[in-house]
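Undergrad: Sequence lines, in order, name chains Y and R.
For what it's worth, this note's numbering labels the leading residue of the first sequence as 1, then goes sequentially.
For what it's worth, this note's numbering labels the leading residue of the second sequence as 1, then goes sequentially.
Derived by calculation from the structure, the hints in this document are not laboratory data.
Every residue, glycine too, gets a C-beta built ideally from N, C-alpha and C.
Mixed in with the good hints there might be a few duds.
[As the list claims (entries may be wrong)] With a Cα cut of at most 30 angstroms, we get these calculated DSSO-like pairs of lysine-lysine:
no.: 1; chain 1: Y; residue 1: Lys151; chain 2: R; residue 2: Lys28
no.: 2; chain 1: R; residue 1: Lys28; chain 2: Y; residue 2: Lys146
no.: 3; chain 1: R; residue 1: Lys70; chain 2: Y; residue 2: Lys146
no.: 4; chain 1: R; residue 1: Lys28; chain 2: Y; residue 2: Lys133
no.: 5; chain 1: R; residue 1: Lys28; chain 2: Y; residue 2: Lys191
no.: 6; chain 1: Y; residue 1: Lys121; chain 2: Y; residue 2: Lys151
no.: 7; chain 1: R; residue 1: Lys134; chain 2: R; residue 2: Lys70
no.: 8; chain 1: R; residue 1: Lys168; chain 2: Y; residue 2: Lys107
no.: 9; chain 1: R; residue 1: Lys168; chain 2: R; residue 2: Lys134
no.: 10; chain 1: R; residue 1: Lys223; chain 2: R; residue 2: Lys70
no.: 11; chain 1: Y; residue 1: Lys191; chain 2: Y; residue 2: Lys146
no.: 12; chain 1: R; residue 1: Lys134; chain 2: Y; residue 2: Lys191
no.: 13; chain 1: R; residue 1: Lys70; chain 2: Y; residue 2: Lys151
no.: 14; chain 1: Y; residue 1: Lys151; chain 2: R; residue 2: Lys223
no.: 15; chain 1: Y; residue 1: Lys146; chain 2: R; residue 2: Lys223
no.: 16; chain 1: Y; residue 1: Lys151; chain 2: R; residue 2: Lys269
[Said to hold, decoys possible] Derived coverage of chain R by chain Y (criterion: at least 3 residues anywhere in the stretch with Cβ under 8 angstroms from a Cβ of chain Y; other residues may be distant):
no.: 17; segment: 77 to 83
no.: 18; segment: 132 to 145
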Amino acid sequence: MKKLLLWLFLSISLTLAYGQEVAMDSISVQSNDTTRVEKEPFIKFESGVFLETGFQMTPVATGYGPTSQLFIGLQYKSIFGGFGVYNYRGDYQTTVIFPTNFNLAYKYGAGRLGVRAYDSKNFEINAQIQYGKGDAVWIRESNDEKFIRSKFDIIEPQVMALFTPIEQVKLFATLGYKSMHNLDFVHLSNKDFSGITFGFGIRCGIYQQ
Amino acid sequence: MRYLPAIVLIGIIISSCYVSEELPADQKAWGYDFPSSVGLSNSVLYTLDNQIDSRNYAEINGLIIIKDDKLVFENYYNGHSRASLHPIGRATTSIAALVLGLLIEQGYIANLDIPISNYLPEYQNIFDSYPSKKNITFRHLLSNQMGVSWNEYTVNTERAESDFYQMKLQSDWAGYVLSLNQEAPPGLRLVLNSGSSMILAKIFENILSDVSLEEFIDNELFKPLNMTNYEWSYDPSGTLDLCTGLSISTLDFTRIGYLMLNEGRWTDKRRIINRDWILDCTLPQTPFLEDLDFGYFWWVFTDQFNSIYTNDTNAFWITGYRGESIFIVPEENMVITVMANNPYSNIVYNQSLNVYLKIIESLNFSEQDS
Numbered sequence: 001m002k003k004l005l006l007w008l009f010l011s012i013s014l015t016l017a018y019g020q021e022v023a024m025d026s027i028s029v030q031s032n033d034t035t036r037v038e039k040e041p042f043i044k045f046e047s048g049v050f051l052e053t054g055f056q057m058t059p060v061a062t063g064y065g066p067t068s069q070l071f072i073g074l075q076y077k078s079i080f081g082g083f084g085v086y087n088y089r090g091d092y093q094t095t096v097i098f099p100t101n102f103n104l105a106y107k108y109g110a111g112r113l114g115v116r117a118y119d120s121k122n123f124e125i126n127a128q129i130q131y132g133k134g135d136a137v138w139i140r141e142s143n144d145e146k147f148i149r150s151k152f153d154i155i156e157p158q159v160m161a162l163f164t165p166i167e168q169v170k171l172f173a174t175l176g177y178k179s180m181h182n183l184d185f186v187h188l189s190n191k192d193f194s195g196i197t198f199g200f201g202i203r204c205g206i207y208q209q
Numbered sequence: 001m002r003y004l005p006a007i008v009l010i011g012i013i014i015s016s017c018y019v020s021e022e023l024p025a026d027q028k029a030w031g032y033d034f035p036s037s038v039g040l041s042n043s044v045l046y047t048l049d050n051q052i053d054s055r056n057y058a059e060i061n062g063l064i065i066i067k068d069d070k071l072v073f074e075n076y077y078n079g080h081s082r083a084s085l086h087p088i089g090r091a092t093t094s095i096a097a098l099v100l101g102l103l104i105e106q107g108y109i110a111n112l113d114i115p116i117s118n119y120l121p122e123y124q125n126i127f128d129s130y131p132s133k134k135n136i137t138f139r140h141l142l143s144n145q146m147g148v149s150w151n152e153y154t155v156n157t158e159r160a161e162s163d164f165y166q167m168k169l170q171s172d173w174a175g176y177v178l179s180l181n182q183e184a185p186p187g188l189r190l191v192l193n194s195g196s197s198m199i200l201a202k203i204f205e206n207i208l209s210d211v212s213l214e215e216f217i218d219n220e221l222f223k224p225l226n227m228t229n230y231e232w233s234y235d236p237s238g239t240l241d242l243c244t245g246l247s248i249s250t251l252d253f254t255r256i257g258y259l260m261l262n263e264g265r266w267t268d269k270r271r272i273i274n275r276d277w278i279l280d281c282t283l284p285q286t287p288f289l290e291d292l293d294f295g296y297f298w299w300v301f302t303d304q305f306n307s308i309y310t311n312d313t314n315a316f317w318i319t320g321y322r323g324e325s326i327f328i329v330p331e332e333n334m335v336i337t338v339m340a341n342n343p344y345s346n347i348v349y350n351q352s353l354n355v356y357l358k359i360i361e362s363l364n365f366s367e368q369d370s
């Protein structure tokens with residue numbers, strides 16, 4: 001189901017891109033006209049849709065663990081927003097209930113709203129805030145049974161720095177503070193998941209001037 | 001931008017796929033702790049866990065230990081999980097006893113010495129044919145002294161020659177039990193007879209005119225205990241099977257044991273069942289074996305058994321015929337649930353009892369734990 005929806009999204013994105021090219025191709029230009037096309041600087045993105053993927057290091061109990069992210073966003077001038085899914089990929093194991101070892105897993109979906117605070121030729125800085133809801137689960141090591149679950153809320157203000165090496169592609173790094181709420185989970189609490197986060201990733205987008 | 005709504009919708013759907021997955025919520029009845037913190041030996045229980053996993057105790061599918069209001073051991077074996085339902089066989093009669101207590105407290109039944117014939121007009125022909133059966137009371141049903149012929153203890157219930165087995169071939173199980181040959185006057189002979197709980201089920205259904213018996217049990221007993229994982233079955237006549245018809249998760253089965261341990265109160269101190277009734281059920285009412293006395297559908301280890309096997313630790317228990325057992329050890333504030341599936345084993349001396357004895361043994365080794 002998840003893969004199907006992702007393919008749907010990608011298909012629509014490609015259709016949009018192809019549709020734009022077809023629209024450009026359909027413009028008929030008289031042979032005796034002279035047309036001068038000046039290529040605009042590719043960093044001056046005004047609006048578009050983009051897909052982000054990356055990793056974020058997030059606090060778990062006394063250490064840190066990686067969280068993967070997949071994010072779909074829309075940008076209009078300096079404002080952007082979207083939705084993402086975040087999946088903890090770390091390896092945190094403990095004996096939650098004697099005598100069994102359990103592995104921690106958690107994931108959440110989050111909405112994001114942000115603003116481009118600084119913009120130069122191939123570098124920009126964004127300020128953004130994310131709010132999400134998710135599930136934390138203890139999984140029995142012996143049989144991968146999802147044993148105990150708790151829902152939670154996440155609020156995460158972030159600063160994102162983006163570098164644009166080639167057109168339509170941006171590399172980014174984030175620094176933020178994750179604050180977890182409403183977790184009711186044996187062995188771990190909200191504060192075990194709250195703290196400074198940092199991450200990196202890549203953003204691909206289709207933009208219009 | 002005309003595709004914006006579609007893209008946003010897809011984003012929302014993808015996000016919701018990740019956050020709406022249905023997973024079990026945690027139980028809230030007890031906190032978690034390690035066995036060693038409540039006086040049990042971690043090492044002995046680790047060994048026991050490995051032995052169960054290696055099938056040294058035949059087929060044990062779940063084991064839970066509650067001690068000092070803490071869940072200190074919980075594990076499942078042979079592919080079973082916390083949510084797995086297990087038929088608990090004749091241990092279902094433990095529910096019959098609790099329902100009877102509720103109906104007495106609510107005034108539906110005055111006391112245990114009332115003849116059951118008053119509540120069974122549909123079997124008037126049986127009472128007319130066997131007048132001595134008119135003297136059978138609730139107390140006789142509860143204490144296995146109704147006097148009819150029944151070979152439950154001597155013949156394995158899963159064999160065709162068993163009365164238990166034959167009962168299940170009938171359309172009306174209560175009528176079958178009641179119609180069997182009256183071997184002795186009520187109250188004279190003790191014969192283990194779980195089929196009597198089907199007679200109780202029929203009486204309960206006759207008394208409860210506004211709600212079904214299943215709804216009554218659900219509202220008065222299971223919901224207050226936050227029990228969620230269970231299923232009932234019925235006999236072919238449509239009577240709730242209070243003899244063997246409950247399938248339940250190991251965790252929810254444990255809740256029944258904890259209610260008994262706390263003499264009818266739940267974890268929030270709410271009283272669910274009258275304390276006197278719990279004591280009546282769990283104190284020795286009639287002797288059965290050298291090692292075992294009967295309460296009201298609950299069994300009690302004798303002092304002789306305790307002195308030999310448990311270092312004088314008293315306990316009462318209920319068990320199904322495949323070893324689906326709850327052991328309650330009041331002086332240790334402990335409930336042990338062994339969810340076994342061992343057919344054709346002795347109804348008393350079986351692998352579940354061995355698991356119980358091993359856990360009692362771990363009490364005595366606690367000081368050696370690091």
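Undergrad: Determine for every hint whether it applies to the structure shown.
TA: Quick rundown of the hints versus the structure:
no., hint, result
1, Lys151(Y) x Lys28(R), "holds, 15 angstroms"
2, Lys28(R) x Lys146(Y), "holds, 17 angstroms"
3, Lys70(R) x Lys146(Y), "holds, 21 angstroms"
4, Lys28(R) x Lys133(Y), "holds, 22 angstroms"
5, Lys28(R) x Lys191(Y), "holds, 21 angstroms"
6, Lys121(Y) x Lys151(Y), "violated, 42 angstroms"
7, Lys134(R) x Lys70(R), "violated, 47 angstroms"
8, Lys168(R) x Lys107(Y), "violated, 49 angstroms"
9, Lys168(R) x Lys134(R), "holds, 24 angstroms"
10, Lys223(R) x Lys70(R), "holds, 21 angstroms"
11, Lys191(Y) x Lys146(Y), "holds, 23 angstroms"
12, Lys134(R) x Lys191(Y), "violated, 68 angstroms"
13, Lys70(R) x Lys151(Y), "holds, 23 angstroms"
14, Lys151(Y) x Lys223(R), "holds, 23 angstroms"
15, Lys146(Y) x Lys223(R), "holds, 24 angstroms"
16, Lys151(Y) x Lys269(R), "holds, 28 angstroms"
17, 77 to 83, "holds (count 3)"
18, 132 to 145, "violated (count 0)"
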